[in-house]
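Asks: Start from the sequences and build out the full structure, keeping to the hints where you can.
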Amino acid sequence: MQSESEEVSFEQIAIAVGIILLALVPLAGRHMTHLVASALLLSLAATSFNLLFGYTGLLSFGHALFWGVGGYTLAVMMSRFGLGYVESFVMAVIMSAVFGAVIGFLCVRHTRIYFAILTLAFGQMFYGVAVKWDFLGGSDGIYGLPRPFNTLELYYYVILAITLASLFILYKITRSSLGLSFMAVRDNAFRAKFIGLDVSRVRLTSFIISSIFSGVAGALYVLLETAISPETMLWTHSAEFVFVTLLGGPRVFLGPLVGGFIYSFLADVAMSATEYWLLVIGVVLVAIVLFFPHGVLGYFLKWREKR
Amino acid sequence: MDPGLILVQTFNGLVYSSILFLVSSGLTLIYGIMRVLNLAHGSLYMVGAYLGITVVLYLMSGTPLGYLLAFLAVPPLTGLLGAALERGLIRRTYEMGEEYQLLLTFGLILIFDDLVKMIWGPAYINFPDPNAFLGGFRFGEYKIPVYHILLIALGFSVFLVLWAFFSKTFTGKVMRAAAQDSEVVEAMGVDVSKIFVYSFFLGSLLSGLGGISAGPLYTASPGMGTDIIVYSFAVIVIGGMGSVPGALAGSLIVGVFRSLAIAFYPQMEIVVVFVIMALVLLVKPTGLFGAPEFERR
Amino acid sequence: MKALETRNLRKYFGNVRAVDGVSIHVDQGEIVSLVGPNGAGKTTLLNLISGLIKPDSGEVYLMGEDITGKSPNQLVSKGLARCFQISNVFEDLTVLENLLVAIHSISGTISMTKRLDDSEAVEKAMKILKEFNLDVKAHLTPKELSHGDRKLLDVAIAYSLNPKVILLDEPTAAMSYREKKTTVGVIKKLRDQLRVTVLLVEHDLDVVYEVSDRIVVMHQGQILSVGTPEEVREDPKVKEVYLG
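Residue numbers (the numbering used here), protein chains in the order written: chain E, 1 to 307; chain H, 1 to 297; chain S, 1 to 244.
Certain hints may be false.
With a Cα cut of at most 25 Å, we get these calculated BS3-like pairs of lysine-lysine [said to hold, decoys possible]:
1) E:K302 to S:K137
2) E:K172 to S:K124
3) E:K306 to S:K137
4) H:K284 to S:K54
Pulled a few chain E residues facing chain H out of the computed Cβ check, cut under 8 Å [said to hold, decoys possible]:
5) L106
6) R109
7) I113
8) W133
9) V242
10) G282
11) V283
None of these hints come from the bench; they were simulated from the model.
Here a beta-carbon is modelled for each residue, glycine too, at the ideal position from N, C-alpha and C.
Replies: Here it is as structure tokens:
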């Protein structure tokens, strides 16, 4: 009991320090601000992915689709329909939920590899739509969108605020009875039926929530880049969410966040060092799977437990 | 619509079906026997194409003999590469859950893509046209190249060989039994880990064969592996994961519909494949030839 | 009143007549045991009743209501809970959370605004854990429990669903003598203090004779004999099946 209360305070201190550091990031220059903003959004998407994966036991290999749905909705609403930032953002959230509901409905009847491959295929399908459909800008995507407040620094704080708020909501969900039902289905879907849970409905609920927050991340990202291209929906981007989550640790709520930052900084360094930076990422990925499958945060917590 | 064009596009679709079948039969075979989905399966297809261009162009400077040599030598090489990956890396994930398998094999894709760029360069490489010495037939205003006809024949022959192998030979039957229950097969005194290596060898050989076959049609490029693997996923989901006849049916459907879409509704090229997949799933969730999946207890 | 009843229930697997025209009933407040040699069809019968598989023909009634063909999660809300032969719990949740999820599920309080450790639910869960002597292990995970405690947890989960009828599938399988004694106590407690009707599948005849009000003997998918423990013990047909 005693160690538990200490643990809470340690976590609280770590989170407080983290938030202060994040608030100070714009002092470190434009490159760093942009990098941390991207890392935050990747982390948010990965955390929402992990609600489905780590908490509900469903491995989506097509989650970038919802990032793309959020992003494209925002871009289309602004550039084609002339809506403002807030209205476009709200539309992006709604569309992410709608897509999550429809695609989730088709996918949650399957589990494991079948589920992974289905989500992957749907992601590719909408990549195909985006590449070929002129309304969405074809292979160039949609670009030249105005950034809110016209400055990167102020927009950074928008991203920071929405990301932290979203993470807080997601955390609350994992600590709710709904989150508990996710975990029960993850652990033992068979038994879950025998405690009265409608397993498909539980999975679908998780899928939709997860889609919404991936969509939020995608929508915010569009205005960071002031552009969106179909590549954001490719399965290689979805795999990034998976990678980041396993890197940080899927069984810890903040695992994907830690993974998201490590990955973003690693990719930034590797990209400036060599044109073959994906090779570096690939080798790291293989090494993680073989040697550190519990993720950085997972090992850190284990190590602290032992002391 | 011009009926001649429909016929020609259907024919072109069958050519693509044939290549899809070579790749996806290997993918579904490995999945069926081992319940391992190798995302890097497409990378072996790519390596097959690049090894092919090396033999055909750089070693044999485009002679017919070079083609013959490439078709004979390259598939076993990619088969060995696949077997080595299984032995060295993928095997270590069997106890860990499939997400780690998928992630590991995804890491391999990134590695292979960059390695290919390092060795052969990032640009597309054209194969010398095999129809220069094979020739072709005229069909009204269209020309049917002999190479295309040979590819279709190759696809069907491979299907027949696989079918005969799994239903007539002892090794094939044991491999099928291992897919049902590896413990029972092990109790019969069969080394299951050997079966796993064989499956990877055979599956990867087929993928490499697909690669060398496709090279002369579509050139060799660093992204070709990820393109084909995604279509192969659709193929095996449509046909039923783990089923070789399913892979054939899926390949025919995907290949022909995609080809017709390219001719008549080019903006639907990618979408049509996945729409078909979604429809099949709605009607028959386990795919056309799939056995029901079992929920883990 | 009949809490649970099957009428002419039938299920064939190919040529195997797993359950072949079985009509049984369990009165409210009773413990009825289902015994018979391996392959007699006991577990298939439980699976038919609990909605895991659908019968070829025949009906199942719970408190007089036809529940044939309903799915397991629907049956739970109607008051039918079951446990499993191989303890079947949520491995990565704590013992307490194992119960909490069942309690939230049955009370319809699954929601993203309801804390999983809602004080009312925790109080209820701890009370049940105490009944099963698991309260001191509330914060362990099932992996850290002994075999006997895991099976008890399985029963506790089922009990936390406020069932009218509980189906127990070999609750004492592979248990030590002491664990069996505890379990016998728990089964009796279900009936005597917690007022739950029990249909029990059990191999250990000592356990069966000790707890049962009535016994149903199955053989090759059919009912061989029904009666009180004394009647069944003396039935020559039963002796033949078990000894000959």
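Asks: Among all the numbered hints in the text so far, which are the ones the structure does not match?
Replies: none
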